[in-house]
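Can you make the complete structure from the sequences, with help from the hints?
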Amino acid sequence: MPRCRRTFAASGRKRGIDMARMTMIEAVRSAMDISMARDEDVVVFGEDVGYFGGVFRCTQGLQAKYGKTRCFDTPISESGIVGTAIGMAAYGLKPCVEIQFADYMYPAYDQITQEAARIRYRSNGDFTCPIVLRMPTGGGIFGGQTHSQSPEALFTHVCGLKVVVPSNPYDAKGLLIAAIEDPDPVMFLEPKRLYNGPFDGHHERPVTPWSKHELGEVPEDHYAIPIGKAEIRRAGSGVTVIAYGTMVHVALAAAEDTGVDAEVIDLRSLLPLDLDTIVQSVSKTGRCVVVHEATLTSGFGAEIVALLQEHCFYHLEAPIVRVAGWDTPYPHAQEWDYFPGPARVGRALAEVMEA
Amino acid sequence: MPDSQRLSLYVPEPAVRPGGLPDFSNVKIAKAGAVPRPEVDVASEDIRDLAYSIIRVLNQEGEAVGPWAGLLSDEALLTGLRNMMKLRAFDARMLMAQRQGKTSFYMQHLGEEAVSCAVRKALNKGDMNFPTYRQAGLLIADDYPMVEMMNQIFSNENDPLRGRQLPIMYSSKEHGFFTISGNLATQYVQAVGWAMASAIKNDTRIAAAWIGDGSTAESDFHSALVFASTYRAPVILNIVNNQWAISTFQGIARGGSGTFAARGLGFGIPALRVDGNDYLAVYAVARWAAERARRNLGPTLIEYVTYRVGAHSTSDDPSAYRPKTESDAWPLGDPVLRLKKHLILKGVWSEERHVQAEAEILDEVIDAQKRAEEHGTLHAGGKPSVRDIFEGVYAEMPPHIRRQRQKAGY
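Each protein sequence line maps, in turn, to chains A and B. If you read the first sequence in this note's numbering, its first letter stands for residue 1, the second for the next number, and so on. If you read the second sequence in this note's numbering, its first letter stands for residue 1, the second for the next number, and so on.
Calculated from the structure, these hints are not laboratory results. Only a predicted model underlies this, so the values are computations on that prediction, with no experimental measurement involved. Idealized CB from N, CA, C, for every residue including glycine. Please note: incorrect hints may appear among the correct ones.
Keeping only pairs whose Cα atoms sit at most 25 Å apart, straight-line, the calculated DMTMM-like set for lysine to aspartate or glutamate is [unchecked claim]:
| hint | chain 1 | residue 1 | chain 2 | residue 2 |
| --- | --- | --- | --- | --- |
| 1 | B | Lys383 | B | Asp74 |
| 2 | B | Lys31 | B | Asp49 |
| 3 | B | Lys201 | A | Asp33 |
| 4 | B | Lys28 | B | Asp3 |
| 5 | A | Lys229 | B | Asp23 |
| 6 | B | Lys370 | B | Asp142 |
| 7 | B | Lys201 | A | Asp39 |
| 8 | B | Lys370 | B | Glu358 |
| 9 | B | Lys201 | A | Asp41 |
| 10 | A | Lys229 | A | Glu204 |
| 11 | B | Lys121 | B | Asp41 |
| 12 | B | Lys383 | B | Glu373 |
| 13 | B | Lys173 | A | Asp39 |
| 14 | B | Lys324 | B | Asp49 |
| 15 | B | Lys407 | A | Glu204 |
| 16 | A | Lys68 | B | Asp203 |
| 17 | B | Lys201 | A | Asp126 |
| 18 | B | Lys121 | A | Asp126 |
| 19 | B | Lys407 | A | Glu181 |
| 20 | B | Lys173 | A | Asp41 |
| 21 | B | Lys173 | A | Glu181 |
| 22 | B | Lys121 | B | Glu39 |
| 23 | B | Lys173 | A | Glu40 |
| 24 | B | Lys125 | A | Asp48 |
| 25 | A | Lys68 | A | Asp48 |
| 26 | B | Lys407 | A | Glu310 |
| 27 | B | Lys383 | A | Asp126 |
Estimated spans, in silico, between C-beta atoms of each pair [to be verified]:
| hint | chain 1 | residue 1 | chain 2 | residue 2 | range |
| --- | --- | --- | --- | --- | --- |
| 28 | B | Gln406 | A | Tyr106 | 32 to 38 Å |
| 29 | B | Ser219 | A | Gln145 | 18 to 24 Å |
| 30 | A | Ile76 | B | Pro145 | 41 to 47 Å |
| 31 | A | Glu317 | B | Ile246 | 55 to 61 Å |
| 32 | A | Asp39 | B | Lys125 | 49 to 55 Å |
| 33 | B | Phe105 | A | Ser283 | 58 to 64 Å |
| 34 | A | Gly67 | B | Arg48 | 33 to 39 Å |
| 35 | A | Ile76 | B | Ala30 | 36 to 42 Å |
| 36 | A | Thr208 | B | Lys407 | 44 to 50 Å |
| 37 | A | Gln334 | B | Asn296 | 52 to 58 Å |
| 38 | A | Gln145 | B | Gly381 | 52 to 58 Å |
As structure tokens, this is what we get:
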């Protein structure tokens, strides 16, 4: 039974909930604002996030509202940002820090993988690490090789981390609140191409703003979306498309463009993974395309395909196809030849349907 | 082409290698009592020379002299001596236990006992240390039960860390001892974060960061210093310079800088260098730094000049890279013997009482070991469950780990 969320579809007050039109930037900001208001232990910091409000303006106004000891600028030192966040979490705070671009997280990778991810385990719960690392991810903004990366598989390979990738303002807010309230470290990857609208890969066309999209309608108050639950964005019975982040909208566009009866699943959380939802769908359709923007080899798609052959092998009617970024660095000028757009996803759908 | 000089790479070498005569003439040692004690609110630029000298209290005769002396009562000094002796006896027994196959690995403190034992006494209950693997004196001096340490070393059924950690990688929030990573330098910047958190919450507690001479080369060390400096974090930045990073002499990490303490100067952090084998000097300098932190004056960098008499770990053989007699030539002596001499000179201790204390401490250690071994050692007796592999990765076990645990049969 496909699950479609229409609860908050109407504008204005719905069942006593105040709704507002928000971009993904505003939704993320609202999540931090509400969390900081509700819990004095929540602190926000990173490069340019204080006075200026972040290069994408996600933290705009938070320093003015909560003071500069709760929202502040840091030196350009990712190992310092994450290392101090871990120390603060050990003290009892809940840091929600920004890595300016996901591409900049590598200097902090030691702190993330061998420290944040393991402190609960290695101390048998004596110390814990409830931190959130927000990081703009993915391409589509002519950012070249150092402002376009999707490093999610480098996190999903690390036990002890949770990995979340929202695809719209509604989820971004609810998932970020859940991440901040989570007792363990959460990598929160924000597809930057979605910040202002549901970009579907048709780069030659104008993007619909979130204000005209139902998922741009967001409760103003506190709500949390459980980490580890996927969402079916489009019900279908011919083929399952598994995607997350920007690729959800690309997959929806490909389904529309080709007219294939595709069921599009938005994973939302890669770790923990909602295995039940994808197994149920692929068992029903017997066909599957997995889409991500990150490079193909050893990407998260490989894990999904492995799990599906393990759990759905006897339901499969065609080989599962992956559509991903090429195994090259993200180029600058040739961005749209690199980006796995709706045409490539559409060809994969046709291939799977014909097999 | 103009005449260009051909370049050549400089690779530093220690003064002496195995077979040579130990030579510490490069270690310039100030006379005990000679280095002034500034006020704690001094500007870092006014005490730059303290990063290049060595603060010492105990002189050759065993007297406590100069402006850094006089902080500890006889009782506190006797406790300090006893803690150092206990740590040394504990190490000796655990080294033996490792050779007997009761654990896989051990790291001892021989020659460095004063550093962690004295610094613990300069801190308050509630302060947090972010230690490396050679500061067990922080636990001993805080009366953490030795039997718990041994349970961890033996990875037995009472191991507080459920068999997950290498021996000696203790964790005790209650005793202000952050879980040891086994990675190097990561904890240094975490300590700064903990201290920043304490300041954010207008708390009164402070943090102590720990690192060895070799690991100061890691980028986390520099991240820690810049964050500590920028936010004036209430943290003591300790560097234990024991001359050797496994087989690598300290000059490889130090580079062209005269001392490790001097690293603090570029960050505007007051930096002091202290005789790490002088219990009184270590305590006095750590106390000075703690007072600075508590008065919200910010971080202090301290280099403890000491010598690693033993091997790096039970997996190391120092005779392969340094003269066997080098430790005998170490000019700052033995921390236990120096404090003992001081206390005898003061008339509050004697050779007889020392021998008697050694025997009492050994009994205490053996008794703790017996009680630990009742609950197993690495390859014999009680051990943590296979189930413990899967627990505690997350607060709540996610389905994929639950499936793997079931597959493992638990």
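Looking at the structure, which of the earlier hints fail to hold?
1, 4, 5, 10, 14, 15, 19, 24, 32, 33
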